[in-house]
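Colleague: Here are the chains, one letter per residue:
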Amino acid sequence: DAMVIQNPRYQVTQFGKPVTLSCSQTLNHNVMYWYQQKSSQAPKLLFHYYDKDFNNEADTPDNFQSRRPNTSFCFLDIRSPGLGDAAMYLCATSSRDPHQPQHFGDGTRLSIL
Amino acid sequence: QKEVEQDPGPLSVPEGAIVSLNCTYSNSAFQYFMWYRQYSRKGPELLMYTYSSGNKEDGRFTAQVDKSSKYISLFIRDSQPSDSATYLCAIRKGGSEKLVFGKGTKLTVNP
Chain C
967 DAMVIQNPRY QVTQFGKPVT LSCSQTLNHN VMYWYQQKSS QAPKLLFHYY
1017 DKDFNNEADT PDNFQSRRPN TSFCFLDIRS PGLGDAAMYL CATSSRDPHQ
1067 PQHFGDGTRL SIL
Chain X
37 QKEVEQDPGP LSVPEGAIVS LNCTYSNSAF QYFMWYRQYS RKGPELLMYT
87 YSSGNKEDGR FTAQVDKSSK YISLFIRDSQ PSDSATYLCA IRKGGSEKLV
137 FGKGTKLTVN P
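Chains as they are written, first to last, in our numbering: chain C, 967 to 1079; chain X, 37 to 147.
Hints are computed from structural coordinates only; laboratory data are not their basis. Among the clues, some could well be false.
[Stated by the list, open to error] As a list, the in silico PhoX-like pairs of lysine-lysine whose alpha-carbon atoms are at most 25 Å apart: (1) X/K78 with X/K139; (2) X/K38 with C/K1004; (3) C/K1010 with X/K38.
If we strip away everything but chain X, and leave its shape as in the complex, we get:
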């Protein structure tokens, strides 16, 4: 079983839709959870970072962590064409500098 699983999509939605992106992980030692957005030919850009269960909101983005289920989500409200990108979940164990990435989900928001 891989340490982190992410559906690679692709996912295509109309403008204004609510988008839900998800990852599952296998090891309860993971304590830090990140979502990165990566546009084509660019580096990953940090969107959300959390280290506790529950929700964290930043504008149109909400990150949700459920440690009991080992499940993390990113919700995008009122999606825009500019949100079209690959979204990578990344997790890290306490005491480690290393990230474990999901495969990334490619999202297209159609005008």
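The following block holds chain C by itself, in its conformation from the complex:
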């Protein structure tokens, strides 16, 4: 089945230690998104790529970076994680067709020690 796959499902890192989360897709979608979701809250968009074009949300901290080396893969880098960055990180994809919705992966749950 075509999918959005996130690895790892669970990630533990130390305060201030850089961490990278990965997302891959077999849907061949142009657009890839990274969301942060904290407990009992709605997903919050961090940034998205429209093909290679990077679009950062105004309130996304500088601590969060992203890379998209090709259509299939996208990475979220957190340079110096703080305790407040503990959350579920969701990757989603969509096509150019405005009548098609976003499809989500199952997320990576990040814990900070």
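Following the hints, put chain X in place on chain C, whose structure we already have.
Modeller: Positioned in the frame of chain C, the structure of chain X alone reads:
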């Protein structure tokens, strides 16, 4: 005023009940309307997607959009314990890739 409002619940119903979940939005530029279901520790799963006023039915689920009132609903008939999850409404403006999510309503269906 928030762009989309959704009652977070929680909502608890007996098995077999009809469930009604609702969102309101403030901007008539929103043209695309989605309902996602999210189980605990999983990503949101698309349930329904529509871009016109009226009803759309898929099995036990019916999505309803009233653009004149800026009101969207999801109805679940014959609710099952497996429907216990958080339901998120999400809306999108024409020409934008970005979704605006409601806070989500946590639903529990009791056997």
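Colleague: Straight-line Cα separation of X/K38 and C/K1004 no greater than 25 Å?
Modeller: 19 Å, holds
Colleague: Checking one constraint from the list: CA of C/K1010 to CA of X/K38, max 25 Å. Satisfied?
Modeller: 14 Å, holds
Colleague: Please work out if X/K78 and X/K139 have their alpha carbons no farther apart than 25 Å.
Modeller: Judged against 25 Å, a Cα distance of about 16 Å means the pair holds.
Figure legend: structure checked against the earlier numbered hints; every hint is met.
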